[in-house]
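Novice: Protein chains in written order, with our numbering: chain A, 152 to 625; chain B, 4 to 413; chain C, 151 to 511.
In case anyone wonders, no lab produced these hints; they're calculated from the structure.
It cannot be assumed that every hint is accurate.
Under the rule of at most 27 Å between Cα atoms (straight-line distance), these lysine-lysine pairs were calculated in the DSSO-like manner [stated by the list, open to error]:
{"id": "1", "chain 1": "C", "residue 1": "355", "chain 2": "A", "residue 2": "599"}
{"id": "2", "chain 1": "C", "residue 1": "326", "chain 2": "A", "residue 2": "599"}
{"id": "3", "chain 1": "B", "residue 1": "244", "chain 2": "B", "residue 2": "86"}
{"id": "4", "chain 1": "B", "residue 1": "373", "chain 2": "B", "residue 2": "358"}
{"id": "5", "chain 1": "A", "residue 1": "192", "chain 2": "A", "residue 2": "160"}
{"id": "6", "chain 1": "C", "residue 1": "501", "chain 2": "A", "residue 2": "622"}
{"id": "7", "chain 1": "A", "residue 1": "599", "chain 2": "C", "residue 2": "360"}
{"id": "8", "chain 1": "C", "residue 1": "326", "chain 2": "B", "residue 2": "384"}
{"id": "9", "chain 1": "A", "residue 1": "192", "chain 2": "A", "residue 2": "302"}
{"id": "10", "chain 1": "B", "residue 1": "294", "chain 2": "B", "residue 2": "149"}
{"id": "11", "chain 1": "A", "residue 1": "332", "chain 2": "A", "residue 2": "344"}
{"id": "12", "chain 1": "A", "residue 1": "333", "chain 2": "C", "residue 2": "446"}
{"id": "13", "chain 1": "B", "residue 1": "294", "chain 2": "B", "residue 2": "384"}
{"id": "14", "chain 1": "B", "residue 1": "376", "chain 2": "C", "residue 2": "355"}
{"id": "15", "chain 1": "C", "residue 1": "446", "chain 2": "C", "residue 2": "216"}
{"id": "16", "chain 1": "C", "residue 1": "446", "chain 2": "A", "residue 2": "362"}
{"id": "17", "chain 1": "B", "residue 1": "266", "chain 2": "B", "residue 2": "358"}
{"id": "18", "chain 1": "A", "residue 1": "154", "chain 2": "A", "residue 2": "256"}
{"id": "19", "chain 1": "B", "residue 1": "244", "chain 2": "B", "residue 2": "376"}
{"id": "20", "chain 1": "A", "residue 1": "302", "chain 2": "A", "residue 2": "332"}
{"id": "21", "chain 1": "B", "residue 1": "358", "chain 2": "B", "residue 2": "180"}
{"id": "22", "chain 1": "A", "residue 1": "226", "chain 2": "A", "residue 2": "341"}
{"id": "23", "chain 1": "B", "residue 1": "180", "chain 2": "B", "residue 2": "244"}
{"id": "24", "chain 1": "A", "residue 1": "264", "chain 2": "A", "residue 2": "327"}
{"id": "25", "chain 1": "A", "residue 1": "256", "chain 2": "A", "residue 2": "234"}
{"id": "26", "chain 1": "A", "residue 1": "333", "chain 2": "A", "residue 2": "320"}
{"id": "27", "chain 1": "A", "residue 1": "341", "chain 2": "A", "residue 2": "362"}
{"id": "28", "chain 1": "C", "residue 1": "257", "chain 2": "B", "residue 2": "86"}
{"id": "29", "chain 1": "C", "residue 1": "355", "chain 2": "A", "residue 2": "622"}
{"id": "30", "chain 1": "A", "residue 1": "599", "chain 2": "A", "residue 2": "327"}
{"id": "31", "chain 1": "A", "residue 1": "264", "chain 2": "A", "residue 2": "165"}
{"id": "32", "chain 1": "A", "residue 1": "621", "chain 2": "C", "residue 2": "355"}
{"id": "33", "chain 1": "C", "residue 1": "356", "chain 2": "A", "residue 2": "621"}
{"id": "34", "chain 1": "A", "residue 1": "369", "chain 2": "A", "residue 2": "339"}
{"id": "35", "chain 1": "A", "residue 1": "333", "chain 2": "A", "residue 2": "158"}
Here's the letter readout for the chains.
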Amino acid sequence: MGKFNVKNKVEEVKKTLNESVDFSYRYFKRESQVIGFIFLKSIIDPQLFSSAIYFPIQSSDGELTIDLLKNDLIKCVDIKEVKEKDLVKEILDGRVILITNFSGKILSIDLLKFPTRAPTEPPTSPVIQGPREGFVEDMQTNVTLLRRRLKTPNLVMDVVRIGSQTQTKVVVTYLKDIANKKIVKEVKDKLSKIKVDGVLDSYNILFYLEKRPSSLFKQIGNTEKPDIVVSKMLEGKVAIIVDNSPIVLTVPFIFIEDLQNSNDYYTNHHYSSFVRVIRLLGLLIALIAPGFYLALQLFHYNILPLNFLITIADTTQGLPFTPFLEILFIFLLFQVLYEVSLRLPSYLGLATSVVGALILGDTGVKAGLISPPGVIIVALSKIALYTIPEEAPQITVLQLVFIVLGGSLGLIGVVSGLVYIINYLNDFDSYQTPYLAPYSPRVTQDLKDAIFIDPIYSQRYRPQSFSPQKKERV
Amino acid sequence: MIVFIIILIFFTPFSIYSPGENRNRGVVTAIGIDRLQDEYEVSLLTFIPTANQSYQEKTSVISGKGESVADAIYNAQIAMGRKIGLSHAKTTVVNESLLEEDVASTVDYLSRVASLPENTVFVCTNNSAKKVLEQSHDLVDDLGLKLEQIIGYNANNIYITDTSLEAFYKGYYSYVKSSIIGYLTIEDDGNETEEISEISGSQKTNEGQSEGTQGSANTSSQGGGSQNEHIVNQGQAVLLKSGRKVALLDIDQLNGINLLNPKSVNQIITIDGVEKDGQTFTMQYRIKTKKTLTTTKFENGYPIYMAQLILGVELVEINGKHDALRVNTEFSEITPEIEEKIEQKIKEQFTASLKILRDCDSDVIGVGRKFFKDNRREFVKFMDTIGGQSQAEKFINYVTFKLNIVVQPD
Amino acid sequence: MKQISIRQCGVIIVMCIFANKILLMPSLMYERTSADSIFVMLLLFLLDFVMLPIFIKLKSIYPDKKFYDILKERLGTFVTKVIYLLLLAFFFFKCLLVFSITYVYFKQQIYQDEFIFLALIAFLPVINCAVFNGLRAFSRTIEMFFWIVITGFVVCLAISLFTPISVPLFFMSSAKDFLYSMHNHIFAFGDFIFLFLVMDRIDFKKGSIKRLYCYALSGIFLVTLLFYLFYAKYQMTAFMHNNALADLLVFSVQFNAIGRLDIIAMLTIMFITLFQMEIFSFAFCDCFINIFPLNKTFAVVVFDILFCLLYYVFIGRYETMVMSSLFWLPYLAIFINYILPILMLVLIFIKTRRDKLEKKD
């Protein structure tokens, strides 16, 4: 094995890295022995460098050998020997490279440090009771959060690098004695086939993992909370952590997961069941209420009880819009307001909500542009949408579809639409798991944690829908 | 899928332009049918939505005339200028004169209109049906009552049967061809009301022309009709046989008919000449509970209907010398004399009602049906002796009733 | 490939049992056999039930073989194709009849004007999609909605109890009327034949037979209950009420005051109709693919064209459709419901005998 000309090597690397502004190197000389340290100062811990690497070497006596350096002098945890060709990659990963003129071996020392945020409660899934930690952008922290919860040798974390430019680390993690091997293999196969220049967030790889990427429906689970990920892994699912993303993906995903909320597991199970029923009801209202109302108005006035009919007839009389346009108008109005309040800073967002809800809604009704029942129905469906915020994007689109169906075909349109969608969802089994399990097909075992939830002690078995290797939870 | 979306997109413009059913329909809440010489007049109590008005203000009686009911409704529709929605029609009122012929032929159109609910209340009136509909406004104004509520009360408490189109047909198509429908009267209270002026806007519109039929229609706004006439609910009912009126029954007669019906309670029974401590009282009892046990049998080939009635009665009023009422409780004791008198009174009532039913061959209480169900073989044999199944409606004339009444204080 | 579980198979059977029997049939039957129609119906069900043991036997002999292949092996291609052609017609007309009865019901109740286009646009894509997605997807869908549908059905029956009912008079009709009525309404039966078509795709396990019987019996029980309550409620006027399940709810003064409760019946009927049409059109396409060497798309297109044409151009009129179901379709049904199972029985007999002989040798 040849020995290095340290200076030349440093220059070579410097060129390879385009003399980057954060490129740094240090030499240490003792008699004829030269040690070179190459690193990117932006992503290493300089204090640790001086205290754990440079200072011990400096204060040592005698001749230096590579083994001495590796085993005694350098006080870092993660030291490994690397090949010359991997040198640049290692530097880019936030490691300090140590080359010497007395040994052909190259040492790579982990000193990665960059600004990260603390694992705070994620805004997307707040809990009333229960753990408040959330994933952050730093993968190491995320791995730590998982590892802290899963103290088992069965925890597997396989790393894949995706992105020709970003070289993003993607960790496929699962419990090897529980997760279905076929699912693990399928995930790995799909990840290995991804050919892309950069992965900036887990959403970048999400579509590659889906069975029907063009479908409207969500096929991969995502969460920001480590406790959720761990509980899913315990059910036999596979989690995919992407570096620089606080969102962890889980597969397989079934629809009922969105109905579940981590709160449900930290409160009384009777209450949780009740809340889940409300969520389902909310989903149904959100989905079909505007379409149903429109169908009643346009086709089936005779279904309505007389008093209600009088109210509707009263308020819709003399409106400039036809019922269809009215509902569409209110629907779009709400959507615009939603988008505005989402994008604006919170203090302005509040103002727009006031303007939207009070001024536009109330004045619209008073001016005779829109009718109060119309506003109520659309508002109800829009509010109901957020009983399951995870499904909001899909349901919003479907609301529009049902408005068209109800308006064009009446009640049979709405019912047919519903059956059509369920039929469609029943057709795709992503990762060998039926999407609407445990209801269709019915998996009796899994009904213990579906719409109604049984107390934790009676959930002795893992959900069978994901066909885990170990069926019993012991 | 793509074809479906394309078709749906083609359809969407229709719905964009569609003003909706409730904007181009007049919702009919009650139908009235009258006979005017050789044509029918159909009046429709219609709700036409107009912004910012109350319920009463929006309903109006719109009528049309024509050779048939269908024709008249068609003409009324022309008068209204909107399509008619019959699905919320809760009441159908017919004039008494229509009951002189088979009323089923008159209301045939209504039974064929699928959107008209079969449970629409079916009553007749001594006055014109149109007037009843017009007067129903006053009912809402004065008492806060709707027409169907009055009839509903009667149906539940007085007739003890639905007085709906469906109930009428049920009786009409049964082997006895008889049914009972409600009867509402309009009476003049005799007081001239000076402050209410005539606001009827009877405005004649042109005849609705339909192929070969001449029809006319007129529209009167709400509050039409003279104000001193009122719908009077006396709890009467009409007994129909083959769709024709055969008798007008008052409350007592209805009570008699309903004697064997355990659901029929709350009737008041007045008995005179009850002697107590040397004094005579007129006492009124209310039947609070009723249990009936009926059996049928044939004795010597003749049908016998036996019923045991256990009546729980409550003393409600005593008309006599009040100074005798020292202790009220002693009167709630039912003496054999009182029991006998109540029994006698009830039997009289029942006999009177039975006579009407026998005279009209109208077995509305279903005596024949019970015999057929319980003693089918003998029944058929008996029917053969009196002239075959076609005489089934006369069966009630041959039945001997044996009533055993037990009166208990409730 | 095993596509459907026994539970899914059971719910399909229940949907088939409801087909054509819950709306028009009670009132049609009443005209001839009055309340005795319940016995007519039960007898027809009993005859149908014979098919189930035959199916189970056949399935145990040929667990993974297609029905078409079994017939082909025993009877030759031509006869098999003829049988399949008859099956194709049978399912097609069943689908058409279900659609026309429901269409008329909706036209009367909630759509004030003609809406044939709307109905076809709403129904056909859904059932086509079901055919494309295959047996597994639509049987799962039916399974999902099954309890909702059954709850709706039971609620309709339960609400009818709130209005006065009286025991209908039985044994009023003659034997001739009885037989005539049986013959007339035979087309609405023969529901278990669908099982034969998909026999290779059913995942049959131990204890499955019991469950299958359970589903079939509960379906029959519900239909019988419907018949009974309908006759008990309407009696003499039963012939005037063409939509049995929905009419159970209408005639009730108390409920009408709070609005129309028959919306429960409407939704139930909508779901049931859609599922029945999915099942029958799937059966049609399955037969079609077996008879002609063409793919699914072609079968679906043929189904749609035939459906629209027959409904709109040739038959169009509801009465014609219903009359034909009473008069000439029963002959087709007799073949499917009785002759075919007997044929199956003979085949099973021959097969078992031959097996026994082979064993002896």
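Novice: Hint by hint, note whether the structure agrees.
Specialist: Okay, the hints, checked on the actual structure:
1. For the proposed pair residue 355 of chain C and residue 599 of chain A, the alpha carbon gap of about 24 Å is at most 27 Å, so the pair holds.
2. Annotation: proposed proximity of residue 326 of chain C to residue 599 of chain A is violated, straight-line Cα distance about 55 Å (limit 27 Å).
3. Restraint check: the Cα-Cα separation between residue 244 of chain B and residue 86 of chain B comes to about 35 Å, which exceeds 27 Å; the hinted pair is violated.
4. For the suggested pair residue 373 of chain B and residue 358 of chain B, the alpha carbons sit about 19 Å apart, so the restraint of at most 27 Å is met.
5. Proposed proximity of residue 192 of chain A and residue 160 of chain A is supported: the alpha carbons are some 18 Å apart, at most 27 Å.
6. Annotation: proposed proximity of residue 501 of chain C to residue 622 of chain A is violated, straight-line Cα distance about 42 Å (limit 27 Å).
7. Between the alpha carbons of residue 599 of chain A and residue 360 of chain C the distance comes to roughly 25 Å, so the proposed pair stays at or under 27 Å and holds.
8. Taken as a hint, the residue 326 of chain C and residue 384 of chain B pair is honoured in the structure, with Cα atoms around 22 Å apart against an allowance of 27 Å.
9. Restraint check for residue 192 of chain A and residue 302 of chain A: not satisfied, since their Cα atoms lie roughly 34 Å apart, outside the 27 Å limit.
10. As the CA atoms of residue 294 of chain B and residue 149 of chain B are separated by approximately 33 Å, the hinted pair breaks the 27 Å bound.
11. Pair hint residue 332 of chain A plus residue 344 of chain A holds up; C-alpha atoms about 18 Å apart against a cutoff of 27 Å.
12. Our distance criterion of 27 Å between C-alpha atoms is broken by residue 333 of chain A and residue 446 of chain C, whose separation comes to about 31 Å.
13. A C-alpha spacing of about 31 Å is found between residue 294 of chain B and residue 384 of chain B, which places the hinted pair above 27 Å, so the restraint is violated.
14. Restraint check for residue 376 of chain B and residue 355 of chain C: the C-alpha separation of about 49 Å exceeds 27 Å, so the hint is violated.
15. Note on residue 446 of chain C and residue 216 of chain C: the hinted pairing holds, with a Cα-Cα distance of about 17 Å set against a maximum of 27 Å.
16. Pair hint residue 446 of chain C plus residue 362 of chain A holds up; C-alpha atoms about 23 Å apart against a cutoff of 27 Å.
17. Pair hint residue 266 of chain B plus residue 358 of chain B holds up; C-alpha atoms about 22 Å apart against a cutoff of 27 Å.
18. For the hint pairing residue 154 of chain A with residue 256 of chain A, the CA-to-CA distance comes to about 8 Å; that is within 27 Å, so the pair holds.
19. As the CA atoms of residue 244 of chain B and residue 376 of chain B are separated by approximately 23 Å, the hinted pair is consistent with the 27 Å bound.
20. Our distance criterion of 27 Å between C-alpha atoms is met by residue 302 of chain A and residue 332 of chain A, whose separation comes to about 21 Å.
21. Taking the CA atoms of residue 358 of chain B and residue 180 of chain B, the gap is about 18 Å. The hint holds against a cut of 27 Å.
22. In summary, the hint linking residue 226 of chain A to residue 341 of chain A is not supported, as the alpha carbons are separated by about 40 Å, beyond the 27 Å threshold.
23. The suggested pairing of residue 180 of chain B with residue 244 of chain B holds, with an alpha-carbon distance near 6 Å, which does not exceed 27 Å.
24. For a cut-off of 27 Å, the pair hint linking residue 264 of chain A to residue 327 of chain A is broken: about 31 Å separates their Cα positions.
25. Among the hinted pairs, residue 256 of chain A with residue 234 of chain A is consistent with the structure: their alpha-carbon atoms are about 8 Å apart, no more than 27 Å.
26. Between residue 333 of chain A and residue 320 of chain A the CA atoms are separated by roughly 22 Å; this keeps the pair inside 27 Å, and the hint holds.
27. Between residue 341 of chain A and residue 362 of chain A the CA atoms are separated by roughly 10 Å; this keeps the pair inside 27 Å, and the hint holds.
28. Between residue 257 of chain C and residue 86 of chain B, the direct Cα distance comes to roughly 16 Å. Compliance with the 27 Å bound is thereby established for this hinted pair.
29. Proximity of residue 355 of chain C to residue 622 of chain A is assessed by CA-CA distance (about 21 Å); at most 27 Å being required, the pair is judged to hold.
30. Between residue 599 of chain A and residue 327 of chain A the CA atoms are separated by roughly 24 Å; this keeps the pair inside 27 Å, and the hint holds.
31. Distance hint between residue 264 of chain A and residue 165 of chain A is fulfilled; the C-alpha atoms sit about 21 Å from each other, no more than 27 Å.
32. Only pairs whose Cα atoms come within 27 Å are accepted, and residue 621 of chain A paired with residue 355 of chain C is accepted, the gap being roughly 23 Å.
33. Restraint check for residue 356 of chain C and residue 621 of chain A: the C-alpha separation of about 24 Å stays at or below 27 Å, so the hint holds.
34. A distance of roughly 20 Å separates the Cα atoms of residue 369 of chain A and residue 339 of chain A; the hinted pair therefore holds under the 27 Å criterion.
35. As the CA atoms of residue 333 of chain A and residue 158 of chain A are separated by approximately 51 Å, the hinted pair breaks the 27 Å bound.
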